[in-house]
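Chains A and B supply the protein sequences, listed in that same order.
Take 0 as the starting number for the first sequence in numbering that gives the first Met the number 0 and just add one per residue.
Take 0 as the starting number for the second sequence in numbering that gives the first Met the number 0 and just add one per residue.
Just so you know, the hints here were simulated from the structure itself, not pulled from any lab data.
Be aware that one or more of the hints could be misleading.
Straight line, CA to CA, 27 Å or less: simulated DSS-like cross-link-like pairs of lysine-lysine [said to hold, decoys possible]: (1) B:K137 to A:K19; (2) A:K124 to A:K89; (3) B:K194 to A:K193; (4) A:K46 to A:K22; (5) A:K145 to A:K169; (6) B:K15 to B:K32; (7) B:K32 to A:K174; (8) A:K40 to A:K19; (9) A:K22 to B:K137; (10) B:K161 to B:K81; (11) A:K193 to A:K210; (12) B:K81 to A:K22; (13) B:K137 to A:K169; (14) A:K89 to A:K169; (15) B:K137 to A:K46; (16) B:K190 to A:K210; (17) A:K145 to A:K89; (18) B:K15 to A:K124; (19) A:K40 to B:K161; (20) A:K46 to B:K81.
Here chain B is said to cover these stretches of chain A; the calculated rule only asks that three of the stretch's residues, wherever they fall, bring their Cβ under 8 Å from a Cβ of chain B [claimed, not checked]: (21) 125-132; (22) 184-198.
Here the structure is a predicted model, which is why all the values come from computation and not from measurement.
Here a beta-carbon is modelled for each residue, glycine too, at the ideal position from N, C-alpha and C.
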Amino acid sequence: MATPTSAMSRPQAERVMEQKLRKVQEIFADGPEIGRLALEKGTAAFKQELAAAMGQTGATQQTTAGRIGARQGSVSELTIIVPLVAGGAKRTRALLELLEGNFQGADAVGTVHDMRFVFLDNDTKLLFATAYDGEWDAYIDDFATKIPNTMDIVFCNAVGWPGIRSPAIKDWIVKHQIPAAAWYVANPNLTVSKARRLERVGTAVEELLDKIG
Amino acid sequence: MPTPASTQQNLSGKDKIERFKQLFADAPEVGRKALENVLHEIAQDATETPPPPIESAGRIGVRLGKVSELTIIVPLVAGGAKRLRAFLRLLGGNLARGDQVGTLHNMRFVFFDNDTRLLFATTYDGDWDAYIDDFVTKIPDYLDLIDSAWDGWPGIRSPKAKDYLAAHQISAEGWYVAHPDLTVAETARLKRIGKAVDKFLDEIG
Chain A
0 MATPTSAMSR PQAERVMEQK LRKVQEIFAD GPEIGRLALE KGTAAFKQEL AAAMGQTGAT
60 QQTTAGRIGA RQGSVSELTI IVPLVAGGAK RTRALLELLE GNFQGADAVG TVHDMRFVFL
120 DNDTKLLFAT AYDGEWDAYI DDFATKIPNT MDIVFCNAVG WPGIRSPAIK DWIVKHQIPA
180 AAWYVANPNL TVSKARRLER VGTAVEELLD KIG
Chain B
0 MPTPASTQQN LSGKDKIERF KQLFADAPEV GRKALENVLH EIAQDATETP PPPIESAGRI
60 GVRLGKVSEL TIIVPLVAGG AKRLRAFLRL LGGNLARGDQ VGTLHNMRFV FFDNDTRLLF
120 ATTYDGDWDA YIDDFVTKIP DYLDLIDSAW DGWPGIRSPK AKDYLAAHQI SAEGWYVAHP
180 DLTVAETARL KRIGKAVDKF LDEIG
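So here's chain A without its partners, still in its complex pose (with noise of 0.2 Å):
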């Protein structure tokens, strides 16, 4: 993670960007030419991105999102990589099928922007990825408390659930998830839940210029 480095006086940040520029130079020196020649020509915008990394407060630094994952602002991530049960990706998908790809239940659950599933290897493995409001801890137990069925009806797929009323479903989840690396929020402070009163007012606005106009 950087360090933040607003309290650095001019000189001190510039010392430090040269040292992070060197240091990506020699990441790269026995790298392929394709990412040489690329370091080459954007050194002017990359210096930029160091600067604008080094200098992030608040919401556009990477955070943690509390046991596991990353998370920019007030949105995290959730990536899980399970292996299927035999006939656990024929069930799984017919289920999709059924369900027409869309997951409109997920809206109960009120904290989840997206949501895939993605069957790997020759169906072997399920990833199940999610962008989502606030703490791994709180964003589990809404899935627990408000879609326990689904939940079970899905993943009962995935070798090893315990059920999602299990005392032991996080470390299970937990087992599971592999964190970001990098993870870009193009809204970092838009919740589902700003997301949708921006919507009621755009269309308020709207009606209002309507009926005025």
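Please arrange chain B on chain A, whose structure you already have, making use of the hints.
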């Protein structure tokens, strides 16, 4: 690959329930029980207007409303994970350049299988081709810095770049978006309106 949109549309609610039951007849017990618990909800949902199905995002990947998913898994070259990890660490795990793409909601880099593979997953607006073009025209050098760790990467300016990406992309078979109509651009517009409304209410309040 089964087509997500949709071979099942013509099934009646009752047929769907039957399919669900068959599907889970040999499932682990925790799944069978859960299905029993929600069958009445599924039956109810089936009588209401079904939610819009997911569609294709273009060449590959799926979309719900205006928001699409891209999920790429690539093998890394020797030393690639080490280089890329160090690079991302220097950036503080943040990729503020993503703002320049203009159609990108979120993006993650996840190393797995002992650093031999990388998952690159994004949520973006609109069509696959236009989105890749946005990356190519707006942040080509960043892309090459990152993707040079990818085994066989031809370079973003190569005519083969899109084929490489499509070959390594795996379409999601389930895709949920909380606000399917909210593009990155529309969000920016609504944020401006929200601010203006707050100010307006402050002044008249």
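Holds or violated: are the alpha carbons of K46 (chain A) and K22 (chain A) at most 27 Å from each other? 12 Å, holds
If you draw a straight line from the CA of K124 (chain A) to the CA of K89 (chain A), is it 27 Å or shorter? 12 Å, holds
Hey, K137 (chain B) versus K19 (chain A), does the alpha-carbon distance stay inside 27 Å? Given that 27 Å is the threshold and the Cα spacing comes to 24 Å, the pair holds.
Using a Cβ cutoff of 8 Å, are there at least 3 residues of the stretch 125-132 of chain A near chain B, or does the coverage claim fail? holds (count 3)
Has the given pair, K22 (chain A) with K137 (chain B), been kept, meaning a C-alpha gap of at most 27 Å? 25 Å, holds
Given the hint that K194 (chain B) pairs with K193 (chain A), test it: the Cα-Cα distance must not exceed 27 Å. Holds, at roughly 13 Å.
Agreement of K40 (chain A) and K19 (chain A) with the hint, judged by alpha carbon distance not exceeding 27 Å: 17 Å, holds
Does the alpha-carbon distance linking K81 (chain B) and K22 (chain A) stay inside the 27 Å limit? Roughly 13 Å between the alpha carbons, so the hint for K81 (chain B) and K22 (chain A) holds.
Is the straight-line distance between the alpha-carbon of K46 (chain A) and that of K81 (chain B) 27 Å or less? Holds. K46 (chain A) to K81 (chain B) sits at ~21 Å (cutoff 27 Å).
If you draw a straight line from the CA of K137 (chain B) to the CA of K169 (chain A), is it 27 Å or shorter? 40 Å, violated
Agreement of K15 (chain B) and K32 (chain B) with the hint, judged by alpha carbon distance not exceeding 27 Å: 18 Å, holds
Taking 27 Å as the top limit, are the C-alpha atoms of K40 (chain A) and K161 (chain B) close enough? 22 Å, holds
Of the numbered hints stated above, the single one contradicted by the structure is hint 13.
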